[in-house]
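Using the sequences and the hints, build the whole thing.
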Amino acid sequence: MTFVLTEDQEMLRDTAEAFARDELPVSHLRALRDGGANGADPASREKLAELGFFGVLVPEEFGGSDFGMVGMGQIMEALGRTLAATDVLQTGVIGASLLTLAGTQEQKESWLTKLAGGEFTSALALDEGAHHAPAQVATEAERDGQGYTLNGAKRYVPGGHTADLFLVVARTFGQPGEAHGLTLFLVPKDTEGLSVQALNTVDSHGAAHLSLDGVHVGEAHVLGDVDKAMDVLDPVLDRARIALAAETLGSAQAAFDMTLEYLNTRRQFGQLIGSFQALQHRAAQMFTDLEMSRSCVAAALSAVDQNAANVAELASLAKAKTAELVHLVSNETVQMHGGIGMTDDHDSGLYMKRARVQEALYGGASFHRDRYARLQGF
Amino acid sequence: MTFVLTEDQEMLRDTAEAFARDELPVSHLRALRDGGANGADPASREKLAELGFFGVLVPEEFGGSDFGMVGMGQIMEALGRTLAATDVLQTGVIGASLLTLAGTQEQKESWLTKLAGGEFTSALALDEGAHHAPAQVATEAERDGQGYTLNGAKRYVPGGHTADLFLVVARTFGQPGEAHGLTLFLVPKDTEGLSVQALNTVDSHGAAHLSLDGVHVGEAHVLGDVDKAMDVLDPVLDRARIALAAETLGSAQAAFDMTLEYLNTRRQFGQLIGSFQALQHRAAQMFTDLEMSRSCVAAALSAVDQNAANVAELASLAKAKTAELVHLVSNETVQMHGGIGMTDDHDSGLYMKRARVQEALYGGASFHRDRYARLQGF
Amino acid sequence: MAYDEASDLESFREETRNWLEENCPASMRTPMKDSEIVWGGSRETFTNPDSKLWLERMAEKGWTAPTWPAEYGGGGLSKAQARVLEQEMRRIRARPPLFSFGLWMFGPALLEFGNDEQKKRFIPDIVHGKTRWCQGYSEPGAGSDLAGLQTKAEDKGDHYLINGQKVWTSYADQADWIFCLVRTSSEKKHEGISFMVFDMSSEGVEARPIKLISGSSPFCETFFTDVKVPKDQLIGQVNGGWPIAKRLLQFERSSISAGGFGGTGGSGILGPEEYAKQHIGTDETGRVADGDLRGRITDHKMYAKAFSLTVQRSTEQAKAGQEVGHTASILKYAAAKMNQERHELLIEALGTDGLGWDGEGFDPTALKATRGWLRSKGNSIEGGTSEINLNVIAKRVLGLREHQ
Amino acid sequence: MAYDEASDLESFREETRNWLEENCPASMRTPMKDSEIVWGGSRETFTNPDSKLWLERMAEKGWTAPTWPAEYGGGGLSKAQARVLEQEMRRIRARPPLFSFGLWMFGPALLEFGNDEQKKRFIPDIVHGKTRWCQGYSEPGAGSDLAGLQTKAEDKGDHYLINGQKVWTSYADQADWIFCLVRTSSEKKHEGISFMVFDMSSEGVEARPIKLISGSSPFCETFFTDVKVPKDQLIGQVNGGWPIAKRLLQFERSSISAGGFGGTGGSGILGPEEYAKQHIGTDETGRVADGDLRGRITDHKMYAKAFSLTVQRSTEQAKAGQEVGHTASILKYAAAKMNQERHELLIEALGTDGLGWDGEGFDPTALKATRGWLRSKGNSIEGGTSEINLNVIAKRVLGLREHQ
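For the record, the sequence lines run as chains X, B, D and A.
Heads up: the first sequence at position 169 corresponds to 169 in my numbering, and the numbers run straight through without jumps.
Counting from 1 along the second sequence, just add 378 to a position and that's the residue number in my numbering.
Counting from 1 along the third sequence, just add 756 to a position and that's the residue number in my numbering.
Counting from 1 along the fourth sequence, just add 1160 to a position and that's the residue number in my numbering.
Keep in mind the hints are simulated off the structure, nothing from the lab.
No residue lacks a Cβ here, since even glycine has one placed at the ideal position from N, Cα and C.
Partial pick of chain D residues on the chain X-facing surface, computed with a CB cut under 10 Å:
{"hint": "1", "residue": "F1118"}
{"hint": "2", "residue": "T1126"}
{"hint": "3", "residue": "G1134"}
{"hint": "4", "residue": "E1138"}
{"hint": "5", "residue": "N1147"}
Okay, structure coming up:
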C-alpha cells in the first residue's frame, strides 16, 4: 500500500481539479438542473473524453491509459468537490472494468474501445429493490435458440437515463438471494422490449427505472461466464464503491472548506462565528474524520492497483467511513450556515442532496459495516 | 400516568434524601471499601429497616406500608445520589415483590414479614452467564420424594454476599433458552450444598458467585407455580429494572451536579472552565438527557402502580435511557474534572465504577433497546 | 361565591353549547383541510364558503379572540370562560375560525404596549380577520443576533423614512400590514430599536418569496426603499422596541415548540421501522434484518418517547403549579433533534425510493418524506438556533458564566 | 562520495552486527518483561544481571544515546549510522538497554539549551543510566494551562529557594534528579518561568505516589519546601524557561501518541468481538447475536483501522518530505478516543466478568481489562487534554480565530 502519489498521478489530480473547477463548478450542476437537463450533459462528456478520463482503467490496446485506480481516485475526488454529474463512475469505472476483466477479445474491440473513448456510455443495471442487494436479483434470462430472453425490472439505475449500453445482471439459475446463478448481459439502449424511465432525482444527477419485457439478446451479448457473474461483479462493485468513496471524500472536503470560510467571515454578536469554541470543536472533529477517511480511501485505491488480498475489506471501510463523513459534514454545513444554508440559492443544499445519494449507492454505511464485520469473522 | 408526587411521596423523598445525605454519603461507601467491608453494612441496614424502606412494596398485613413503586423510586434515586450500597433493591424490591406476588400465606408469614422488617435480606440468584439472559438458566432442580435437589452455578449474584435468603431460579423442565420450565426456590444461605463466593467488585458494592451441589429443599420452598417462574419473574424483573433506573438517575444527577459545581469554580487560562462554550454545550446536552431520562423513570414508576399495559415497554425505556445517561455523564465527569478526576481520592471514579454495574445489571442498553423494538413489533 | 362562579360557568357552558350548535356549520366540524385554512386579510378567498360564515359569526361575538377586551371587539371572556369555550368547541370538533399572526403575536403585544388609539385602530380588524399581518424581524446580517438589525428608520418630522431589508418574513407576499423592528439610533445596540407597523402596499415595499432547499416556502425576503411611515404607527416609545420584540418572541417560540414539529402527521408517511420492514425485510423472529439500522431506529423511537413523556411531565407539573422552566428549556432543542433524526431514518429506510425530487417513478408519499427531510434541517435554525438554545440552557438554567 | 558513504555504512553495519553478536547477552534478545525494564539511577536493582552487563556495554560505546556528541559520552553516530544500529538491534530482537526520561526528554533539551559545563556534568550520567530523571511540570492549579504554574524560586544570591507543589510527576519517588519549571517572576506569565534542575534528595523535597481510579500509578505529588538550588543549576536564562519547556513537551507528546496507547498489547486481552462471541454467542451465520453491540464493535474496529492507516499515511508522506503537520495534529485526539472506546467495548462485552476489582472469582485477564478501562480515561487528559487538542486543531490547523 502506498500513500504517496507518483508525479504522473499528481499531474492527473491537478488536471482533474482544474477541469472540475473551471468547466464543471457547482454552478454548472445548478444550471443543468434549472435547465431541466436532469444530469444529462453531452458537452461535458466530450471534454472528459478528450482528457481520457473514461480510459483510465482500460488497457492501452483498447484505447485506454491503464493508469489504475489511484489515478481514477484523483479524478473522482476532483469531480466530487464540485458535485459534477458525469458518466465517469458508470462508464469509466464500472463498464470499463467489467469489459476489461470479463469481456472477450471481440467484445473489447467493439464495446470497450467505445467506452474508453467516451463515444459510448454504459450503466450497470443491477439492483431491483430500494436497497443495494446484488444477490436478490430476480430478473430472469431464459435460454432460447439463438440467445437469451430477459424479463424483469431494475430500480434507480444510476446513469441509466443517459446510457447507450446497459450491463444487465439477470438470473439464469437459482433463486433470488443466491449469489450463484447470475449472468451479465450487454444490452444496447435501443434493444426492443427495453424501456427506460428517466427519474428526477434529489441530487439532480438523474437515474432511471428499467423494465425488460421479452428483451432478446444473442450469445455475443453474454459478458463473462454464465451463472458466474458474481465472480467479476464482486471485484468491480468494490472498485465502484472505492471510486464513489473518493468522490464522496471530495464532496465532503469541499463542503467543509466552504463552511470553514463562512465561519471565518460571518459575524454575529460582533464576533466571527468561527471564534465560538463549540463550533471550533465541531469543526476540528469533522477535520479529524476527514483526515481518517482520506487515509481509508487512499489505502483502498492503492490496494486495488496492487491486487491486495484485503480489497473487499478496504472497500467497505472506505465506503462506510466516507458515507458517515459526508452525512455529518453535509448536515453541519447547513447548520453552521444557518438560514442562508436553508435557501436553494446557496450550495449547502446541493451538497446535502448529493450526499444522501453517495451514501446509498452500492451499499450504505450499515451495509458495509455488516460486510466489514463478516469479513473480520464476527 | 402521573408525574406529580403526592404529599406522602414528597415526604418519603425528602426523608430518603436526608438519610442518604447524612447517613450514607459517598464517603461512607469509601470508608466501607477502604475497611474491606466489600459492601456489607449491617448498621445501615438496621437504620433503613427503621425507616421502613424494605416494606414499601409489602402489604400492611405482612408488615409493609404498601406504598408502591413511585415511593420506592424516590428512595432508590436518593440512594443512587450517594452511591449507597444497600439491600433495598434485592430485598425491598425483588424479594418483597416475588413473595408478595407468588408466595403462599404461610411463606408470606414466615419470610415476607422478615424481609419487610429488614431482619432478613434476600438475593435473586438468576443469571449464570456474564450477560443478563433469564431464559438461559441451566441450573437443574430434580424432583425427589420430599422436594427438589438443585445442581448448578450462578454468576455475579448482586447482594449474594450478604443475603440470608436466596431466590433461586432453576430448571424443572425443558432446555436452556426456553422461558417455560423454570421454577423459583427459597434457599436459606446455610442450606447444605450451597456455597457462596464473595466477590470484590469494581463498584465496591460486592456480589457473589453461587454453586449449588445437591442442594435439597422441601415442597414448602417452592415459590409460585412449578415450571412457571417466568410469569412472576417477568413483572418483578421489570420492577427491578425500573428501580435500578431510578437509582441510576440519582447517580447521574449527583455526578452532573458535582461537575457543574467544578465548572463554576475551577479556573484555567484565567477563566472559569465552565465559561468555555464547548463545555457549556456538552453540559447543556447532558442536562437535556437528564431531564428526558427523568421523565422515562417517572412514567415507568407510576405505570407499575397503575398496572398499566405498557410496563414492560417503559421498563426497557427507563433502563436503556438511564444506562446511556450514566455512561455519558460518568465519562464526562472524569473528563471535565481533568487530572483530579483520575485520582482515587476524588469521587468521579466511584461514580464511573458504579455506573458500569448499574448499566449491566438486569440487561444493558442494547438488551433493552432490542427488547423495546420487539415489543414495538420490529 | 365559589358556588356562584361555578353556576355562572355552567350556564355559560349551556349558552355556548347551544350557540355553537346553531352557528357552527356542519362542514366546519370536519377535520381541517390545508386548502381551507382561513388566514384572513384582503387576499382571503374562502375556498369553502362555510368558513366565511363561521368566521363572521365567531368574530361577531369576539370569540376569535375570546379573552381580549370587548371594547376593542374581543370576547371579553374570563380565562375560565375561555377554557369552557375551548372545551365546547373541541367537543364538536369545531375548526378554529381564523389563523393569524395578528391573533397569536401582534395583537397580544399591542394590547400590552400600544396606546388606546392604536388598539382601536388595529385590534378590531384582527378579531374580524380583515387585516392579515406579517412579522419583520430577521435580517440577512441579524439572525441569531436579532438586535444586530440594520433596517433604518429616519425621523422626517411628520413621518419616518424606512430603508433596509428583512428576511424570513413569513407570508409577506400575502400580508396587508407588517409589524417591524427598525433602527432609530445607532448609538446603542438594544436601545436603538423601535417597533413600527405599516401597510405592505405602501410605496417602496417589495416582498420576494424565498425558495428553500426543500422547494417553495411561505418565507420572503422583504425590501424597504424610502417607505414612509406616519409617526402614529410607532408602537411604544422611540428606541423602546426591544422589550416589545422580546415579549413577542416568547409567543412565537411557544407556538413553534408546540405546533411547529408535527412534521409528517397526517401526511400518510409511515414510521421508519415500517419502511425498513417493507424494503429490507425481517428475520424469522420478526426483527428488521438490518440490525444496525434497526438499532438506530430504536434509539430514535426511544428518544421520541422520552420527549413526549417530557412534554407530558412539564405540562402536568405546570398544571400542578410547579416551576417547569428548566424542563421546558430543553424542548425546542430536543424537538429539532428528534424531528431531524426521524427524517434521516425515513429516507435511509426508504433507500433509493427516498432519493426522488418530483415527477414520475416515485411514490408521492415518499416524495413528501424527502421534502420533509430537507425542510426538517430548518428546525434547528428557525426561531432560535440549537446553538442559541444550548447557550441559554447553559447560562440561564445551569448557571454557567460568561468569560470575564 | 555517495559510493563511499554507502560502503562506509556497509562496513559500519558489518562491525555493528559483529559487536552485537558478541556483546548482547542471550537473555537480552528475548521479549522484554515489565519486571526487567531498566530505568537506571541509584535505585536500579537489575532484576536480571544480564541487563546490567548489556547496559554497561552499550553505554561504553555511547549507544544508549547513539546520535549524541561523543565528547559528552554519546555515540556520535550520524543519523544514517544510528538507523543501521537500530536495524541491527531489531534484527536480533535486542532489548533497549535503558528506559530514561533523561534520554527521551531532558537530554535533548539540555544539549540544545544548556551550557558546556552543564552538558559535561549531566549528559554522561544519563548515557550510562547512573542518574534517573523526573519531570516537574504540572501543578494542581496548572494543568491545561501549564504556564499558570506557581512554584516559586526566589533569588537568594548564591542560590534559589524553591517553594511549591508539582503533580503528575512520573516516578518522582524513584528519581535521583528532577528537571523543573519554576516561577522566577510574577510580572509576566510566560516570561516569568525558569527551567532548573536539582537533586531529589535535597532537603525539603517530598514525593508522594498518587493512587488513580485504576489503582497504583507511577505518578506522584511532589512538594518543595525551602529547597536550595545552586545557581549553576539554572538551564538557559532566568525567565527564559518557557521555550525550553515547550520544546520538551514536543518530545513528550510525540512519545505519548507513538507508544502511549499500546494499552492492552501483550496483556493477553482479546478484542471485544472475541469476548462478545464467547459471552453472547453468534447466530447461524456467525454474526455476534447482539446486533446492537456488534454494530458498535464494528464502528470501533473501523475507526481503529482508519487510525492506523492514518498513522501509516503521515509516516510515509513525512518520509517523502511532504508536510504532514495537519494530519499529525489529529493523532493524539483520535488515539485517546479509540483507546477509550475499545476499553468500553471490552468491559461491555465481558459483562459481569468485566466488573471485578481484584481477588478470587474473576479471570485475571478480565481484571487487567477492567483496570485498563479505568486507566484509559486518562488518555484524553494526560499530555494535553482532548479539549486542548481540538482548540489547537481549530486554531493552528483550520485557522479559526479567537474572540476579538
